[in-house]
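Residue numbers (the UniProt record's numbering), protein chains in the order written: chain A, 1 to 275; chain B, 1 to 308.
Derived by calculation from the structure, the hints in this document are not laboratory data.
Incorrect hints may appear among the rest.
Claimed, not checked - Covered, in the sense of this in silico footprint (three residues per stretch, anywhere, with C-beta under 8 Å from a C-beta of chain B), are these stretches of chain A:
| id | region |
| --- | --- |
| 1 | 12-25 |
| 2 | 96-102 |
What the hints assert, rightly or not - In silico lysine-lysine, DSSO-like type, Cα no more than 27 Å apart, as pairs:
| id | chain 1 | residue 1 | chain 2 | residue 2 |
| --- | --- | --- | --- | --- |
| 3 | B | 108 | A | 14 |
| 4 | A | 93 | B | 24 |
| 5 | A | 272 | B | 184 |
Even for Gly, the Cβ is constructed at its ideal location relative to N, Cα and C.
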Amino acid sequence: MIRLLHIEFQKIWKNRASRILTIAYFILLSFVALLASINFKFIGIDFRLADMGLFNFPFIWHFNTYMASILKLFLAIVIVSMMANEYSYGTLKQNLIDGLSKKEFILSKFYTVVAFALASTVFMFVLNLILGLNFSSYNEADIIFKDTSYLVAYFLKLVGFFSFCLFLGILVKRSAFALGFLFVWNIVEAILKWNVFAKLNKSETFSQFLPLESMSNLIREPFTRLNIIKNIETTVGGEAISRDYSVQFIPCIIVSIWILIFIILSYKILQKRDL
Amino acid sequence: MSYLITTKNILLETILTITNLNKKFGVLHAVNNLSLEIKKGNVYGILGPNGSGKSTTLGIILNVVNKTSGEYKWFGGKLETHEALKKVGAIIERPNFYPYMSAYENLKLVCHIKEISENKIDEKLEVVGLLDRKNSKFKTFSLGMKQRLAIASALLNDPEILILDEPTNGLDPQGIRQIRDIIKLIASNGTTILLASHLLDEVEKVCSHVLVLQKGKMLYSGKVDGIMSNEGFFELEASNLNQLSETLSQLSAVEKITIEEGKVLVFLKTPMEASELNTYLFQKGIVLNHLVKRKFSLEEQFLALTKN
Chain A
1 MIRLLHIEFQ KIWKNRASRI LTIAYFILLS FVALLASINF KFIGIDFRLA
51 DMGLFNFPFI WHFNTYMASI LKLFLAIVIV SMMANEYSYG TLKQNLIDGL
101 SKKEFILSKF YTVVAFALAS TVFMFVLNLI LGLNFSSYNE ADIIFKDTSY
151 LVAYFLKLVG FFSFCLFLGI LVKRSAFALG FLFVWNIVEA ILKWNVFAKL
201 NKSETFSQFL PLESMSNLIR EPFTRLNIIK NIETTVGGEA ISRDYSVQFI
251 PCIIVSIWIL IFIILSYKIL QKRDL
Chain B
1 MSYLITTKNI LLETILTITN LNKKFGVLHA VNNLSLEIKK GNVYGILGPN
51 GSGKSTTLGI ILNVVNKTSG EYKWFGGKLE THEALKKVGA IIERPNFYPY
101 MSAYENLKLV CHIKEISENK IDEKLEVVGL LDRKNSKFKT FSLGMKQRLA
151 IASALLNDPE ILILDEPTNG LDPQGIRQIR DIIKLIASNG TTILLASHLL
201 DEVEKVCSHV LVLQKGKMLY SGKVDGIMSN EGFFELEASN LNQLSETLSQ
251 LSAVEKITIE EGKVLVFLKT PMEASELNTY LFQKGIVLNH LVKRKFSLEE
301 QFLALTKN
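One chain only, chain A, in its complex shape:
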């Protein structure tokens, strides 16, 4: 495993574009911390995001993992191109000739995906711990570590999304087309969800099984959980809407199955193809 990771990291790290994107990704992740210092004046009153409860334990786990997962597109580009490049440079062929098995090849990519997701998760854990300890109104251990299930969901979401990218890279062979496909697929899911399934009145039931939808179900949007938004909703709608924000078991299972499908399909494609 170490050998495969080592091989893959050399390929990525020596590539300037991939290196810059990876570094940019982690720098942007840490910019989440800068949100804390945002001050703005609204109707003559000073607002500070940090004072709005954004960085309170345990809410911080939810809010920041949600925000951070938006940045995953950066690493998606790295992953798609690391696969597409192997085709365009002809190095996939050469790697196999040099004695890497097709299984090892897919595994080296998958391990990298997991390593990226793990690094992001650990990074988020440390960052949020620091932010929370500085800004949270609560700092009892059981409250601090209460909703850390969001970190698990975040990790799973990244592995799922990157596995999807990896699969597209292998299927389409070109990074631009693979990313285009990802975008088109996003639209297809939206159409399925809001049109096809909606007509059957089973929108939620069916759409939860779609890959991207199941990934976004892992961490639900945190904004309506904020007091300020809740107040607006109550004022407008007359009563408070109750929602379940916690990490659900079902989406975790669905995403795990998708990860398995993507990796196995990638392997099958590679096995069947004449290079």
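Fit chain B to the supplied structure of chain A, relying on the hints for placement.
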């Protein structure tokens, strides 16, 4: 004598066995029931026109093309293909490396894949004359340099067999010469080589054995001397060509007589020395202006084999 040769062949270790290998691309039968055996220490040339299935066959044994049916075994089938390939050095069609990495870094990656130490990189770069460019990025290399780097990469593990598919394709005369010298050097060290090429003089100069493929089928397999050991033919000139050919047709050793560009070409059934022929003609009152005994070159034999 022939008995001795056979015994010797049995004693040689078999590196690769191919049995009844087939590959179909749709209706195209690219490799047709091919069987062959590669023995340690020999230098094999695979000849064949474009599209004869050379590269496909190499692709199959190198794990990048899927076979339709048949079998191949590396080192007697003791190892899985990808494990066996770690003991093989191979370059195919064009050199494939990561353009953004230096020569040294690319070879380092190959070492990790083959699970060997990195301490031979410099030595192999020296063999192909690229040591002074080891820190240059691959994308800055000329085609000849890229091809030489590919050879260095294939040599990293001191392979049991070196497989080269059209190594001089697209190179300039200097590049071809360099690659050819490197191949000769490697062959002289006793490394088993499998060289696919359509440059016949290349094969003739380097190889001990030759395999001729056409439309996926094996037309000839054996020693280079074997394919060239024909009785040969005479090229003759005299003032009266008709009289000459008539006299010649009475000889029992003659198979065929043709007249081309003012010369009589005499093809033989059984061996005959030039002096013998000369004496015979002189006795018949014919004086020759020109007498040459020639053998078919590999090229002529190859063209004759692949004509239909």
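>> Can you confirm whether the C-alpha distance between residue 108 of chain B and residue 14 of chain A stays at or below 27 Å?
In response: Since the Cα atoms of residue 108 of chain B and residue 14 of chain A sit roughly 12 Å apart, the hinted pair holds (cutoff 27 Å).
> Taking 8 Å as the C-beta cutoff, is the stated coverage of the region 12-25 of chain A by chain B satisfied by three or more residues?
Replying inline: holds (count 3)
> According to a criterion of three or more residues whose C-beta lies within less than 8 Å of a C-beta of chain B, is the region 96-102 of chain A covered?
Replying inline: Since three or more residues must qualify, the claim that chain B covers the region 96-102 of chain A holds, with 7 doing so at under 8 Å.
>> Does residue 24 of chain B sit within 27 Å of residue 93 of chain A, going by the straight-line distance between their CA atoms?
In response: The hint holds at about 20 Å.
> Given the hinted pair residue 272 of chain A and residue 184 of chain B, is their alpha-carbon gap at most 27 Å?
Replying inline: Given that 27 Å is the threshold and the Cα spacing comes to 37 Å, the pair is violated.
Violated hint for the displayed structure: number 5, the only one.
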